[in-house]
Amino acid sequence: MSSHAAAGAIDHHHDHTTSTGIPNKKLFMWAFLASDCMFFGSLISTHLIYRLHPPPGSPVPRDIFSIELTSFSTFILLMSSLLMALAVNAIQKGNVRSTRRNLLGTIFFGLIFLGCQVFEFNHFVYEKGMTLKNSIFGSTFFTLTGTHGCHVAIGVLWLTLMYIRTFKPADADSGRHAWLTSTFSHLILFALAVVTWMYLVLGFINEAIESHVSGSMVTAYFSAHAVLFIVGVILAVALNLMSRAKGPIEFGEANAIDVEGAGLYWHFVDIVWIVIFTAVYLLEYL
Amino acid sequence: MDALARSDFIGKDATPTAEKRPWIFTRPTTKTGLVSWLTTVDHKRIGLLYGFSALFFFLVGGVEALMIRVQLAVPNNTFITHELYNELFTMHATTMIFLAVMPLSAAFFNYIMPLQIGARDVAFPRLNGFAFWVFLAGAVILNIGWFLKSGVPDVGWFGYAPLTSRAYSNQFAWDNSTDMWIMGLQILGVSSVIGSLNFIVTIINLRAPGLTMMRLPVFTWMTLITAFLIILSFPAITIALVEVMMDRSFSTNFFEVSNGGLPILWQHLFWVFGHPEVYILILPAMGIISEILPTFSRKPLFGYPIVVFSGAAIGFLGFGVWSHHMFTTGMGTVATAAFALATMAIAVPTGVKIFNWIGTLWGGHLMMRTPMMFALGFVWMFMMGGFSGIMHAAAPADAQQQDSYFVVAHFHYVLIGGSIFALFAGIHYWFPLIFGRKVSETWGKISFWIVFVGFNTTFFPMHFLGLNGMPRRTAVYDGNMNWNTPNLIATIGAFILAIGIATYFITIAYTYFKGEKAGRDTWDGRTLEWSLPNPPPEYNYAVIPTIHERDAFWYEKHHRAEIEAETASHAKEEASHGGIHMPSQSWFPFITAMFMLLGGLCFACKDSINDTLSHIDFVSARMGDHNIGILLAIVCGVFVVLGATLWAFEGPGGYHVHIEGEDDHGNGHGHH
Amino acid sequence: MSAVTAPAQALAEHDHGDSKFQIFVQIAMILAVITGVEIVIVYLPLLKWLVVSALVILSVVKFMFVIFYFMHLRWDKVFCTVLFFIGLVLAVGTSMALLALFSAEASAPIVATP
Numbered sequence: 144m145s146s147h148a149a150a151g152a153i154d155h156h157h158d159h160t161t162s163t164g165i166p167n168k169k170l171f172m173w174a175f176l177a178s179d180c181m182f183f184g185s186l187i188s189t190h191l192i193y194r195l196h197p198p199p200g201s202p203v204p205r206d207i208f209s210i211e212l213t214s215f216s217t218f219i220l221l222m223s224s225l226l227m228a229l230a231v232n233a234i235q236k237g238n239v240r241s242t243r244r245n246l247l248g249t250i251f252f253g254l255i256f257l258g259c260q261v262f263e264f265n266h267f268v269y270e271k272g273m274t275l276k277n278s279i280f281g282s283t284f285f286t287l288t289g290t291h292g293c294h295v296a297i298g299v300l301w302l303t304l305m306y307i308r309t310f311k312p313a314d315a316d317s318g319r320h321a322w323l324t325s326t327f328s329h330l331i332l333f334a335l336a337v338v339t340w341m342y343l344v345l346g347f348i349n350e351a352i353e354s355h356v357s358g359s360m361v362t363a364y365f366s367a368h369a370v371l372f373i374v375g376v377i378l379a380v381a382l383n384l385m386s387r388a389k390g391p392i393e394f395g396e397a398n399a400i401d402v403e404g405a406g407l408y409w410h411f412v413d414i415v416w417i418v419i420f421t422a423v424y425l426l427e428y429l
Numbered sequence: 102m103d104a105l106a107r108s109d110f111i112g113k114d115a116t117p118t119a120e121k122r123p124w125i126f127t128r129p130t131t132k133t134g135l136v137s138w139l140t141t142v143d144h145k146r147i148g149l150l151y152g153f154s155a156l157f158f159f160l161v162g163g164v165e166a167l168m169i170r171v172q173l174a175v176p177n178n179t180f181i182t183h184e185l186y187n188e189l190f191t192m193h194a195t196t197m198i199f200l201a202v203m204p205l206s207a208a209f210f211n212y213i214m215p216l217q218i219g220a221r222d223v224a225f226p227r228l229n230g231f232a233f234w235v236f237l238a239g240a241v242i243l244n245i246g247w248f249l250k251s252g253v254p255d256v257g258w259f260g261y262a263p264l265t266s267r268a269y270s271n272q273f274a275w276d277n278s279t280d281m282w283i284m285g286l287q288i289l290g291v292s293s294v295i296g297s298l299n300f301i302v303t304i305i306n307l308r309a310p311g312l313t314m315m316r317l318p319v320f321t322w323m324t325l326i327t328a329f330l331i332i333l334s335f336p337a338i339t340i341a342l343v344e345v346m347m348d349r350s351f352s353t354n355f356f357e358v359s360n361g362g363l364p365i366l367w368q369h370l371f372w373v374f375g376h377p378e379v380y381i382l383i384l385p386a387m388g389i390i391s392e393i394l395p396t397f398s399r400k401p402l403f404g405y406p407i408v409v410f411s412g413a414a415i416g417f418l419g420f421g422v423w424s425h426h427m428f429t430t431g432m433g434t435v436a437t438a439a440f441a442l443a444t445m446a447i448a449v450p451t452g453v454k455i456f457n458w459i460g461t462l463w464g465g466h467l468m469m470r471t472p473m474m475f476a477l478g479f480v481w482m483f484m485m486g487g488f489s490g491i492m493h494a495a496a497p498a499d500a501q502q503q504d505s506y507f508v509v510a511h512f513h514y515v516l517i518g519g520s521i522f523a524l525f526a527g528i529h530y531w532f533p534l535i536f537g538r539k540v541s542e543t544w545g546k547i548s549f550w551i552v553f554v555g556f557n558t559t560f561f562p563m564h565f566l567g568l569n570g571m572p573r574r575t576a577v578y579d580g581n582m583n584w585n586t587p588n589l590i591a592t593i594g595a596f597i598l599a600i601g602i603a604t605y606f607i608t609i610a611y612t613y614f615k616g617e618k619a620g621r622d623t624w625d626g627r628t629l630e631w632s633l634p635n636p637p638p639e640y641n642y643a644v645i646p647t648i649h650e651r652d653a654f655w656y657e658k659h660h661r662a663e664i665e666a667e668t669a670s671h672a673k674e675e676a677s678h679g680g681i682h683m684p685s686q687s688w689f690p691f692i693t694a695m696f697m698l699l700g701g702l703c704f705a706c707k708d709s710i711n712d713t714l715s716h717i718d719f720v721s722a723r724m725g726d727h728n729i730g731i732l733l734a735i736v737c738g739v740f741v742v743l744g745a746t747l748w749a750f751e752g753p754g755g756y757h758v759h760i761e762g763e764d765d766h767g768n769g770h771g772h773h
Numbered sequence: 434m435s436a437v438t439a440p441a442q443a444l445a446e447h448d449h450g451d452s453k454f455q456i457f458v459q460i461a462m463i464l465a466v467i468t469g470v471e472i473v474i475v476y477l478p479l480l481k482w483l484v485v486s487a488l489v490i491l492s493v494v495k496f497m498f499v500i501f502y503f504m505h506l507r508w509d510k511v512f513c514t515v516l517f518f519i520g521l522v523l524a525v526g527t528s529m530a531l532l533a534l535f536s537a538e539a540s541a542p543i544v545a546t547p
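Chains as they are written, first to last, in this note's numbering: chain A, 144 to 429; chain B, 102 to 773; chain C, 434 to 547.
Here chain A stands alone, though its shape is the one from the complex (with noise of 0.2 Å):
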């Protein structure tokens, strides 16, 4: 029994050195999320008992909530979750552009829930004073939706790193390329990347909402931020050279695999929110 040479080749559904046949980095990722199961279970529990006798005094959650921003989140968070399928439909035919493409959507797109996710927050805090600390909707809300926000997070740097991953040259291990240091080289300026980019268009946000949109507007917050647009734009050339092709990647079929394990993970956050949605949502407008 040899390795298998041809694209195609390998069974996604079948590891026949395993004595069920399910790959055991899947069979991993699946009694893992059974395990979170508990963990939001619990989290979520928490939320709603205390939703059965609030204190007097207590903020009420439709004047707090704005459904509009919600909705449109959990939009998003739903086509992230079709990238990521696609993305590792893509890989397991082997297409790695295709997946690499799919891959920084579903970031993108999870960029854009912690953004909303981020507004929500200073909007609840600073317009709507509801804080952590000052009601125990505060303390169970902001700790509910923050532990699934840093899911969220933890997820966006494991997809970054498995798009990074995408990038290893076949002969990483000749010494001819110093692909551990572009490696980290590519990651450190995603990263800077995400930060400048998320930190200018919630600004934008921001400025649109207190001063409404305009043409001077849009000029003012412009200059008054140039160098940050600049180093911005600077950083998505760099980005895009980066990912420029550069001969043979080790990256392809036999890695589906570990795209799949992010998937899962990715996918379960998902249907968290869902939950969430529901639960901690729309039920409060009942």
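Just so you know, these hints were derived from the structure itself, not from any lab. In this text the structure is predicted, and so the values were computed from the model without any measurement. For glycine and all other residues, C-beta sits at the position ideal for the given N, C-alpha and C.
Mimicking DSS-like on lysine-lysine, the simulated pairs with C-alpha atoms at most 25 Å apart in a straight line are:
#  : chain 1 : residue 1 : chain 2 : residue 2
1  : B       : Lys400    : B       : Lys658
2  : B       : Lys400    : B       : Lys539
3  : B       : Lys145    : A       : Lys168
4  : A       : Lys276    : B       : Lys707
5  : A       : Lys168    : C       : Lys453
6  : B       : Lys539    : B       : Lys615
7  : C       : Lys510    : A       : Lys168
8  : B       : Lys615    : B       : Lys145
9  : B       : Lys250    : B       : Lys707
10 : B       : Lys132    : B       : Lys618
11 : B       : Lys618    : B       : Lys658
12 : B       : Lys618    : B       : Lys145
Per the computed footprint, the stretches of chain B lying under chain A, defined by three or more beta-carbons under 8 Å from a beta-carbon of chain A, are:
#  : segment
13 : 296-302
14 : 341-352
Since chain A is already given, all that's left is putting chains B and C on it; use the hints.
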């Protein structure tokens, strides 16, 4: 299943030739010395690491217990301060549960289980090593308070809110002990869950050909069920600990009554974890007993399917009874009755197991060796603990027993008479396999009897103390409560128990260095691990066995010709695959775990760190209002992620071992 | 499963793979529509228990679509489904038990009457 083929799903083999990997991915290859232990991925070594750590902490917990008993020997004693007393009962329980019994069970899971399923290692060897080093990190965080001004945790092992709130940690500056308790338990939780996920994948996926689930040794079954209990119950305490940490560190209101918090929620979340936890403590022990009784009765286990099913039933039902720890908290009639009924129901599968063990002994040719003595002691002592447990299940009776010494008696009977007896039995039983030496029967039996007498002398009187109203966790009691004599007897018993434990440990230690060498298959065993040389070679099986029946080794011994032919043909197959594939050692599990330790300490002691470092102008100028302890913890967190990333990029690696010159006894001489 | 049948299987997977693309996109559309319906339902003048039941059912439908299709359980070995459902059932059961406990009269927090 084609165990010998190369999976499509794992990374490249490390090819020694034409390799110029970045230096950071150089794999350590030394097999001796400190580095070989720090970077080990061998399940047997990891098992030994867990075992030695567990035995060390068992002694620490024992000293804590003795100090408690000295304090309680006479009424109104002034041996120790009340503050120290609180620390002692907290640490005694935390140490015994999380740092002694659980890791000792983990030692057996690690060492024995892969051997019992015919595997060469666990599914994720580096992750296995990581789980151990993270365990050590947690153990350090819990105990480092002994050396610090803040002291060790003193809130009880169950840390009930609101005692754990910030308001009660203001006795003096830098009162971080509860924060250390929270962080220590969180980190131990990470270790347990990761280890258990690994075991689940191993048992489900790495079984030798022919080893169906219903042919698994019972110890392996109990390992699997315990692993499920761990991954499903620890999240509840993780969340509870997160909530109390948020309350203490970020002023949230989860358990802050003035702002709408409900401290009773802590109790619920804790016991949703806490009850399965006690089954986590006892199921591995039951698994060990289920191996020892058949071996020393020279009969197969009576009712194997029902023993396995009962174990699973206990595990599953164990999630539905948690509030029996809360009968006196006023949950209401319906809730109390429901949990009382569920608790009584759980006695059924437990009882079924006891009957099956008796059935195993019945009509057997009993060999009264030391492991058998401990095993028989287990059956009887655990049963007694079960009786007092059933008494607790009746909620009206529990109304009197709760928080009294009756509970202390109950759980020490099931934990010492149950878990510890079984684990001690396991040490004697598998000692010849692991160390190649046989423990002296005389001294083994002497240690058993002293332990048995000491244990019962200590804890039997506590039943009466409890029924006569003596409350738990009180540093002193008055002299006119009629509690004096039983307490004195219990203390004397504790010292007898201590002598017994000392005898046991000295006997084991002596045997390790100078004991009589044991031949292979010392006890004429029934399960696969006994087919190996003692100690087993690094690669375990020279040829992966094929399983034909339950008690696979027993079958092998009675069908020698068939097995020999099979082994010969499989050996050819394995050789044609390039030899035995072994996982490479790695630094990353150790390094990543050490950054977790550092990060955990930084976060738990963030206020102390902030106070100290703020005196430095450079720091206070830059940090302003922000806490530098949190910043340092975040930095450590970044290094944890870095360690994990490099670990992923390093890949599984691996090298091949070729067996040469195997003699008829299967003693191979491996070389690379 | 030998190497001989694996490529043949994988070939079937290829065709399967193209149709999977379609399936995923269609499901994403369905999920978006269901989310829209959920939001609308909340504002309709229906009885509360009806709306709550509808929301729960719709969420469960979304949940099942994601795990069986996006997470591939439909095409994987059934043990993966069993494994996940153990955790899911336990989590849901524990949550419901906790909510029942805290909804009991005995568990209502004591309120100071002025």
